[in-house]
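A.B. asks: Counting in the UniProt record's numbering, the sequence shown runs from 1 upward without gaps.
Any given hint could be a false lead.
As the list claims (entries may be wrong) - What follows is a set of in silico ranges between Cβ atoms, one per label pair, in the way DEER data are often shown:
hint : residue 1 : residue 2 : range
1    : Glu267    : Asp67     : 23 to 29 Å
2    : Asp316    : Asp71     : 32 to 38 Å
3    : Glu162    : Arg133    : 18 to 24 Å
4    : Asp32     : Glu187    : 45 to 51 Å
The hints are simulated quantities; they were obtained by calculation from the structure and are not laboratory data.
Just so you know, even glycine gets a beta-carbon here, dropped at the ideal spot from N, CA and C.
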Amino acid sequence: MKLVLLSGGSGKRLWPLSNGRQAKQFLKLLSDENGHLHSMLQRIWRQLSKANLTDSTIITAGKMQVDLVRDQLGFNVNCLIEPSCRDTFPSIALSTAYLYSCQEGDRNEVIVVLPVDSYVEDKFYEELKKIDRVINTSGADIALVGVNPSHLSTKYGYIVPEKEQTKNNYLRVLGFEEKPTPLRASELINVGALWNSGVFAFKTGYILDILEQMDLPTEYEDLNRKYRKLPNISFDYQVVEKARNIVVVKYEGFWKDLGTWDDLTEEINPNIMGLGKMSKDSINTHIINQLDIPILVLGVSNLVVIASPDGVLVTDKVASVRLKEQIEELKSREM
Numbered sequence: 001m002k003l004v005l006l007s008g009g010s011g012k013r014l015w016p017l018s019n020g021r022q023a024k025q026f027l028k029l030l031s032d033e034n035g036h037l038h039s040m041l042q043r044i045w046r047q048l049s050k051a052n053l054t055d056s057t058i059i060t061a062g063k064m065q066v067d068l069v070r071d072q073l074g075f076n077v078n079c080l081i082e083p084s085c086r087d088t089f090p091s092i093a094l095s096t097a098y099l100y101s102c103q104e105g106d107r108n109e110v111i112v113v114l115p116v117d118s119y120v121e122d123k124f125y126e127e128l129k130k131i132d133r134v135i136n137t138s139g140a141d142i143a144l145v146g147v148n149p150s151h152l153s154t155k156y157g158y159i160v161p162e163k164e165q166t167k168n169n170y171l172r173v174l175g176f177e178e179k180p181t182p183l184r185a186s187e188l189i190n191v192g193a194l195w196n197s198g199v200f201a202f203k204t205g206y207i208l209d210i211l212e213q214m215d216l217p218t219e220y221e222d223l224n225r226k227y228r229k230l231p232n233i234s235f236d237y238q239v240v241e242k243a244r245n246i247v248v249v250k251y252e253g254f255w256k257d258l259g260t261w262d263d264l265t266e267e268i269n270p271n272i273m274g275l276g277k278m279s280k281d282s283i284n285t286h287i288i289n290q291l292d293i294p295i296l297v298l299g300v301s302n303l304v305v306i307a308s309p310d311g312v313l314v315t316d317k318v319a320s321v322r323l324k325e326q327i328e329e330l331k332s333r334e335m
């Protein structure tokens, strides 16, 4: 079994700290067990190391990100450079071709793809070791990891599985629903739907067959040269939604996607990073200041206040999910 850790994105929902120069996965905002700050990438790598999975893991990264990966993890990590910034399908396709043609892979070898912004317990990565057997015993094209919902959420995608569980601890997938309304999310949870963790597993040959059907090369060097010809589309849309035989493994532990300031600040301690001060009646508010001028917050709650050389953000935490669209509008106005 091989693992691919997707670390090539930019994370516009965490502007202004996450940008073209330093993406969200490299921001040292989380605390380790010793109270030292580390990044999402460093946290996941340590967890993979505890599970003895780093030797079988490659990390995808853009050309401008490779030095950051090696600076945070060391020069011995197996880092695959993406020729250009694309969506997840091109990245996963190139990674599969690399593992197959450059790492002496086998068409029957299972590849597990991981997002870099998952915040989970260590046992999550121990559970991943079971996916190899699930793929082989189920005969599925793709296996997913679904998280048992701890609360009603409209921010996550839902996996709708069959009700009857097999003796092999996986469920057949009936369908998907992306970011439902509160009412629909409640209905989905009541019928046993699971949060989509963004973890995919498949046999190498399954993706190679898809590339051949698209008249694309399966050898790494050839595919690398034709990278721009790959459709700039997510793996979910290009592969998962077209697959006929999908199973899901249910995960019962803690899981969170650190894709927005609302979610990320729940795991950031202390509430003030950098030069700042807030009044005692400013509840559930975070200040992150990278400038040498002070920030003072008085009498307001549930805010994220961030100042950096690239911009200043003041947002209600719940509203932070709308940040990406606002940033794209700013760019369209060339501000």
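A.B. asks: Each of the hints needs a verdict: does it hold here or not?
C.D. replies: How the hints compare with the structure:
As the Cβ distance of Glu267 to Asp67 is approximately 26 Å, the hint placing it in 23 to 29 Å holds. A beta carbon spacing of about 34 Å between Asp316 and Asp71 agrees with the range 32 to 38 Å that was offered as a hint. In this structure, Glu162 and Arg133 meet the distance hint of 18 to 24 Å, their C-beta atoms being roughly 19 Å apart. One distance hint, 45 to 51 Å for the beta-carbon pair Asp32 and Glu187, is violated here, with the actual separation near 39 Å.
Consistency note: the structure conflicts with earlier hint 4 alone.
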